[in-house]
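Chemist: Residues per chain are reported as follows:
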Amino acid sequence: QKEVEQDPGPLSVPEGAIVSLNCTYSNSAFQYFMWYRQYSRKGPELLMYTYSSGNKEDGRFTAQVDKSSKYISLFIRDSQPSDSATYLCAIYTGNQFYFGTGTSLTVIP
Amino acid sequence: GAVVSQHPSWVICKSGTSVKIECRSLDFQATTMFWYRQFPKQSLMLMATSNEGSKATYEQGVEKDKFLINHASLTLSTLTVTSAHPEDSSFYICSAPGTRVDQPQHFGDGTRLSIL
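Chains as they are written, first to last, in my numbering: chain A, 67 to 175; chain B, 15 to 130.
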């Protein structure tokens with residue numbers, strides 16, 4: 067079983083829609099969860115991170131961790147065409163990263 | 015903020031050529047750097063961990079003689095793909111560890127390698 071699993075999509079939504087991106091992970095000991103955004107032919111950039119469980123909000127973005135079900139989510143409200151990118155979930159153990167496969171998102175104007 | 019610069023951003027070369035990719039930490043020192051490979055529509059796969067002044071640590075299945083890593087200074091790590099073949103065509107990304115929990119890793123912009 068992979069450490070983290072992510073639906074690769076692709077996902078296509080109209081502008082203004084709410085987007086939900088999800089990952090599952092295997093080890094209940096994992097504590098640091100991150101979401102990276104990667105534009106085409108660019109390196110990933112950190113979008114949000116959460117420690118342990120709960121929600122974290124930053125503008126239109128909300129990251130959520132449900133440790134009981136080992137499920138992490140990223141919600142994007144009022145999605146914009148500029149949000150079109152690949153979103154990767156990641157887990158950091160303190161000395162190693164595990165990345166999901168990434169979900170390709172297209173927001174249609 | 016901390017920046018990792020990767021060069022070149024895109025290289026096209028003939029099969030059998032060796033290609034060197036550079037990764038620099040611009041305003042901080044990095045005793046460790048990571049090299050990833052990313053195939054289209056796939057995730058980042060860690061290839062190796064580059065250690066300043068010592069040998070790199072390679073992940074299982076990665077050929078050491080194929081992917082030569084040198085980390086000769088605290089701000090520069092290089093990855094050389096030796097005798098590259100079309101199956102080596104991929105997106106190579108380097109990163110350096112951050113010092114804050116909210117920025118655990120700084121990524122370069124990647125190098126697109128196309129072998130003809």
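Source of the hints: derived by calculation from the structure; they are not laboratory data.
Bear in mind that the values here come from a model prediction, so they are computed numbers and not experimental data.
A hint or two may mislead.
Unchecked claim - Listed next, the in silico DSS-like pairs over lysine-lysine satisfying Cα-Cα at most 30 Å (straight line):
no. : chain 1 : residue 1 : chain 2 : residue 2
1   : B       : 78        : A       : 108
2   : A       : 108       : B       : 28
3   : B       : 80        : A       : 136
4   : A       : 108       : B       : 69
5   : B       : 55        : B       : 78
6   : B       : 28        : A       : 136
7   : B       : 28        : B       : 80
8   : B       : 28        : B       : 55
9   : A       : 68        : B       : 80
10  : A       : 136       : B       : 55
11  : B       : 55        : A       : 133
12  : B       : 69        : A       : 68
13  : A       : 108       : B       : 34
14  : B       : 78        : B       : 34
15  : B       : 55        : A       : 122
16  : A       : 136       : A       : 68
17  : A       : 68        : B       : 28
18  : B       : 80        : A       : 108
What the hints assert, rightly or not - Computed footprint of chain B on chain A, listed as stretches where at least three residues anywhere in the stretch have a Cβ under 8 Å from a Cβ of chain B:
no. : stretch
19  : 103 to 115
20  : 164 to 171
Backbone N, C-alpha and C fix where the C-beta goes; we use that ideal spot for every residue, glycine too.
Chemist: Work down the list of hints and note, for each, if the structure agrees.
Modeler: Do the hints match the structure? See the list:
1. B:78 <-> A:108: Between residue 78 of chain B and residue 108 of chain A the Cα gap is close to 26 Å, so the pair holds against 30 Å.
2. A:108 <-> B:28: Holds. Residue 108 of chain A to residue 28 of chain B sits at ~24 Å (cutoff 30 Å).
3. B:80 <-> A:136: violated, 37 Å
4. A:108 <-> B:69: holds, 28 Å
5. B:55 <-> B:78: Roughly 25 Å separates the two Cα atoms, so the pair holds.
6. B:28 <-> A:136: violated, 46 Å
7. B:28 <-> B:80: holds, 16 Å
8. B:28 <-> B:55: Between residue 28 of chain B and residue 55 of chain B the Cα gap is close to 24 Å, so the pair holds against 30 Å.
9. A:68 <-> B:80: Status holds; Cα separation ~26 Å.
10. A:136 <-> B:55: holds, 24 Å
11. B:55 <-> A:133: holds, 27 Å
12. B:69 <-> A:68: Holds, because 28 Å separates the two Cα atoms, which is no more than 30 Å.
13. A:108 <-> B:34: holds, 19 Å
14. B:78 <-> B:34: holds, 15 Å
15. B:55 <-> A:122: Answer holds: residue 55 of chain B to residue 122 of chain A is near 27 Å, not above 30 Å.
16. A:136 <-> A:68: Status holds; Cα separation ~13 Å.
17. A:68 <-> B:28: Not OK: residue 68 of chain A and residue 28 of chain B at ~35 Å, beyond 30 Å, violated.
18. B:80 <-> A:108: OK: residue 80 of chain B and residue 108 of chain A at ~24 Å, within 30 Å.
19. 103 to 115: As far as the stretch 103 to 115 of chain A goes, the hint holds, because 7 residues have Cβ atoms under 8 Å from chain B.
20. 164 to 171: Since three or more residues must qualify, the claim that chain B covers the stretch 164 to 171 of chain A holds, with 5 doing so at under 8 Å.
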